[in-house]
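Letter by letter, the chains look like this.
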Amino acid sequence: MDPNAIDKAPDAAADWPDQIYDLLKKHEIRQVALVPDAGHSRLIRRCLADNAIAVTTLTTEEEGLALLQGAWLGGQKGVLLMQSSGVGNCINMLSLSHIHRCPMPMLVTMRGDFGEFNPAQVPMGEATQAVLEAMGTIVRRADRPEDIAPTVDATIRMAFNTFRPTATLIGQRVIGAKTFGKD
Amino acid sequence: MLAESGKLDRRELTRALLEDRGEMAVIAGLGAPAWDITAVGDHPLNLPLWGGMGAAAMIGLGLALAQPARKVLVITGDGEMLMGLGALATIAVKKPRNLSIVVQDNEHYGETGMQETATKYGVDLVAMARGAGFPHTMLVTKPEEVPALKAAIHAGNGPFFAVAKIDAASKKLVLPPRDGSIIQNRMREAILGPAAHHQL
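From first to last, the protein sequence lines stand for chains P and V.
Residues 1 to 183, numbered by UniProt numbering, are exactly what the first sequence covers, in order.
Residues 1 to 200, numbered by UniProt numbering, are exactly what the second sequence covers, in order.
The reader is advised that the hints may include incorrect statements.
Here are the simulated DSS-like pairs of lysine-lysine, each with C-alpha atoms no more than 30 Å apart in a straight line [as the list claims (entries may be wrong)]: (1) Lys-8/P to Lys-25/P; (2) Lys-94/V to Lys-8/P; (3) Lys-95/V to Lys-25/P; (4) Lys-26/P to Lys-95/V; (5) Lys-94/V to Lys-25/P; (6) Lys-95/V to Lys-142/V; (7) Lys-94/V to Lys-26/P.
If you are wondering where the hints come from, they were derived from the structure by calculation, not from laboratory data.
Just so you know, these numbers come straight off a predicted model, no measurement behind them.
The task is simple: from the sequences and hints, build the whole structure.
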């Protein structure tokens with residue numbers, strides 16, 4: 001990881017990104033839509049290395065919900081990976097899930113959440129859960145590494161078993177806050 | 001197929017594009033394109049959108065990736081396409097050979113009082129698609145160009161993008177089913193068979 005990168009990636013010893021990848025395989029996820037986030041960087045690399053998963057890099061997160069809708073029409077399960085700021089880009093597009101009863105699981109890495117350095121991340125970080133819930137999303141948080149896999153598992157299950165938008169918010173406390181060298 | 005304005009009639013164009021469609025799945029952007037595909041014959045392989053403005057092309061991509069052996073056609077309006085322009089980049093990178101997008105461009109927001117869109121002022125969606133990397137594009141303004149448009153949609157060497165300049169007049173409202181779960185699940189069943197409803 002670039003030491004000058006603004007966003008913080010999970011510690012190399014942390015194995016929760018690999019646990020999420022294993023869950024994607026267990027649930028037969030075939031399409032992964034994403035706008036990159038450092039918190040998801042290792043998971044993204046795992047998905048890109050997997051020929052059975054089609055990874056689509058989006059220009060904006062709302063495209064990903066439309067992609068999940070199309071994938072489901074064609075019989076494939078998908079998930080959307082994004083940073084909390086991207087949730088704000090998704091609001092109206094979440095209506096697709098309710099219009100059609102389309103499963104739409106989202107795995108969100110939080111910024112502006114716990115020890116944030118960058119003021120610009122705080123407004124959307126503070127609003128992320130409220131915005132998702134205002135659009136009828138079932139939201140569950142994971143703020144400890146050992147909570148991430150079971151929460152992601154529940155998020156994927158609830159989306160595909162009950163046909164609605166669901167989200168796991170992976171807390172910044174797990175990922176760590178970047179300090180720009182201003183420790 | 002021409003309206004009095006000398007431009008293509010949207011419904012006649014839609015009828016021509018969907019004639020002998022075979023197993024092609026069709027996504028229609030909200031508003032007039034959704035009424036158009038319904039007016040020329042509602043079909044289980046039609047997904048007329050009631051909302052999600054800006055979503056049509058990306059729904060087409062998700063479906064095209066999931067069903068690479070099936071042709072997927074997105075028919076949408078200029079306003080809807082303008083709201084999701086980033087999708088042109090996303091789709092061009094993924095290069096789905098079975099996906100075509102046809103923008104029925106009347107240069108207006110037809111459902112909200114006929115306000116002008118950016119295409120009225122020269123914004124060139126075909127050039128944008130070409131710039132994004134779509135290998136095949138067309139601008140269609142005349143009835144005699146429609147057979148080539150149709151052939152390109154069925155050629156399977158996409159992604160393909162076309163703009164058809166159409167007459168701005170509104171047509172009779174022909175509404176698709178309003179329950180989106182029916183619209184979605186009839187397409188899933190048409191593609192996946194009865195297993196669509198039992199899949200876990």
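Taking the hints in turn, this is what the structure says about them:
no.: 1; hint: Lys-8/P to Lys-25/P; in the structure: holds, 25 Å
no.: 2; hint: Lys-94/V to Lys-8/P; in the structure: holds, 28 Å
no.: 3; hint: Lys-95/V to Lys-25/P; in the structure: holds, 24 Å
no.: 4; hint: Lys-26/P to Lys-95/V; in the structure: holds, 28 Å
no.: 5; hint: Lys-94/V to Lys-25/P; in the structure: holds, 22 Å
no.: 6; hint: Lys-95/V to Lys-142/V; in the structure: holds, 28 Å
no.: 7; hint: Lys-94/V to Lys-26/P; in the structure: holds, 25 Å
Every hint, counting from the list given before, is met by this structure.
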